[in-house]
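Build out the structure end to end from the sequences listed, making use of the hints.
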Amino acid sequence: MEKKIWALCRQLLEEKKFRELRELLCEENEVDLAELLETLPVEQAVLAFRALPKELAAEVFSLLPPEFCRSIVEAASDRELSEIVEELFVDDAVDILEELPAGVASRMLRQATPETRQLLNQFLRYPDGSVGSIMTAELIKLKRTDTAAGAIARIRRMGEDCESIYTCYVTDEHRMLQGVVTLRQLLMAADEATVESLMEPDVIAARTTDDQEQAVETMMRYDFLALPVTDAEGRLVGVVTVDDVMDVMEEEATEDFEKMAAMAPSEKPYLKTGVFTLARHRILWLLVLMISGMITGGILGRYEEAFAALPLLVTFIPMLTDTGGNAGSQSSTLVIRGMAVGDIDLRDFPRVLWKELRVSVLVGAVLAAVNFVRLVIQYPGNQLICLTVTLALFATVVIAKTVGGVLPMAAKLIHADPAIMAAPLITTIVDALSLMIYFAIAKQLLPI
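Mapping to the numbering used here: the sequence shown position 3 is 15, numbers consecutive.
Just so you know, the hints here were simulated from the structure itself, not pulled from any lab data.
Using N, Cα and C, we set each Cβ at its ideal position, and we do this for glycine too.
Hints are supplied without guarantee of correctness; some may be wrong.
Below 30 Å or equal to it, Euclidean Cα-Cα: the simulated DSSO-like pairs (lysine-lysine) are [as the list claims (entries may be wrong)]: (1) Lys16 <-> Lys29; (2) Lys455 <-> Lys424; (3) Lys29 <-> Lys153; (4) Lys424 <-> Lys367; (5) Lys66 <-> Lys16; (6) Lys16 <-> Lys28; (7) Lys28 <-> Lys66.
Derived CB-CB ranges, DEER-like [unchecked claim]: (8) Gly354 <-> Thr221: 17 to 25 Å; (9) Arg294 <-> Glu27: 26 to 34 Å; (10) Val287 <-> Arg386: 21 to 29 Å; (11) Ile216 <-> Asp184: 15 to 23 Å; (12) Ile426 <-> Glu263: 52 to 60 Å.
Structure follows, in structure tokens:
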């Protein structure tokens, strides 16, 4: 929405010309309207929201952050709130209810019809992060005996209340999932063709208790627009649509990025998170890394005599630790990404280990050769020191890349998040190992 339209909306609100405001807002996209409401003071946002038709209001409501939803719920009348709840898709309503304070959520549920309230309560009982918690109950169900013409007529009748109509599911009288048929197949078939002759009987489905990441992987693997969800008995209870999957992907990616940066995951946007909350999310990992970094200091303390005998050795420590940390981060990032998209599984552990070992040898050899030439030129007459640093660099790169590739898979093996084995933690581990290797080689080759 252009800024001049935003300004016009504010002007109409101030002048209380709600009819003109309604006409203006109805011409805009619901995403733009949600952004507009977020820029307004709460009182004006509530007035603008009330000016929207109920169908558009429900769509905008599902896109608003929890704090705005709370303000609207508190200001809305019982009739307005009932209309919003009934117009929302079930999965959107569940997401909003989970974010709202208990008292506000209870008021929303009280204004729902008994059927809607029962459905919402059922969805709210699914564990957070499960497929059941992100699915929607609005979908097209067909019978095997339906004709293509009858199925299309049914889609016309029910499609307005469904989040997706492109994929339809075939069930029996007990709601058991029997097949799947697309809208394209129905449109291209003869009117008298039966759904049974068009459907695909081997349906790939998720269970309500499955992890939501499994639904993401399944839909990405098979390029589905929707994935049916069944209960433990195989009855069709809902569907996960591509927009739900995109939300999950964003949440999981954000969580992994934060863990890879040594922060506790946060569900709120950065600008809407308090300073103390941000500090609390960061300080725990920083304390862990600070304490673990003391190991490096302890290793350096053990070799004070070596520094006194050859002070030049100290100047190469930052280069070794930085190179090792970067090398380990490269491997861990690639492996974590491969595991996230399903390219790498725990069964691939030997292959990953062997591949990273070979890559590390090649990379280490090149870096060591370049470094040796540079050191010989820069420090003539100190060939043994140059050789010590070069061997230590080669060993550091080999170990760093191997550790970086293996640790995320080891985390997955013990049911921990592989993202925690990212740059900060691997850098700390590699720093300690590289120093131990460096001084072990130095003791063997140099007179210290």
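Holds or violated: are the alpha carbons of Lys66 and Lys16 at most 30 Å from each other? holds (25 Å)
Hinted pair, alpha-carbon criterion (30 Å max): Lys424, Lys367. Please report holds or violated. Answer holds: Lys424 to Lys367 is near 19 Å, not above 30 Å.
Given the hint that Lys455 pairs with Lys424, test it: the Cα-Cα distance must not exceed 30 Å. violated (38 Å)
Does the hinted range 15 to 23 Å hold for Ile216 and Asp184 at CB? The hinted range 15 to 23 Å holds for Ile216 and Asp184, with Cβ atoms some 19 Å apart.
Is the hinted pair Lys28 and Lys66 satisfied, with a Cα-Cα distance of at most 30 Å? holds (20 Å)
Using the beta carbons of Ile426 and Glu263, state whether their distance is inside 52 to 60 Å or not. Once the Cβ atoms are compared, 23 Å apart, the range 52 to 60 Å for Glu263 and Ile426 is violated.
A range of 17 to 25 Å was offered for this pair. Does it hold for the Cβ distance of Gly354 and Thr221? holds (20 Å)
For the pair supplied as a hint, Lys29 and Lys153, confirm whether the alpha-carbon distance does not exceed 30 Å. violated (44 Å)
Is it true that the C-beta distance of Arg294 to Glu27 lies inside 26 to 34 Å, as the hint says? violated (46 Å)
Check whether the Cα positions of Lys16 and Lys28 lie no farther apart than 30 Å. holds (18 Å)
Are Lys16 and Lys29 close enough, with their CA atoms no more than 30 Å apart? holds (17 Å)
Is the distance from the Cβ of Val287 to the Cβ of Arg386 consistent with 21 to 29 Å? Check failed, 45 Å falls outside 21 to 29 Å.
Hint check: violations occur at hints 2, 3, 9, 10 and 12; the rest are consistent with the structure.
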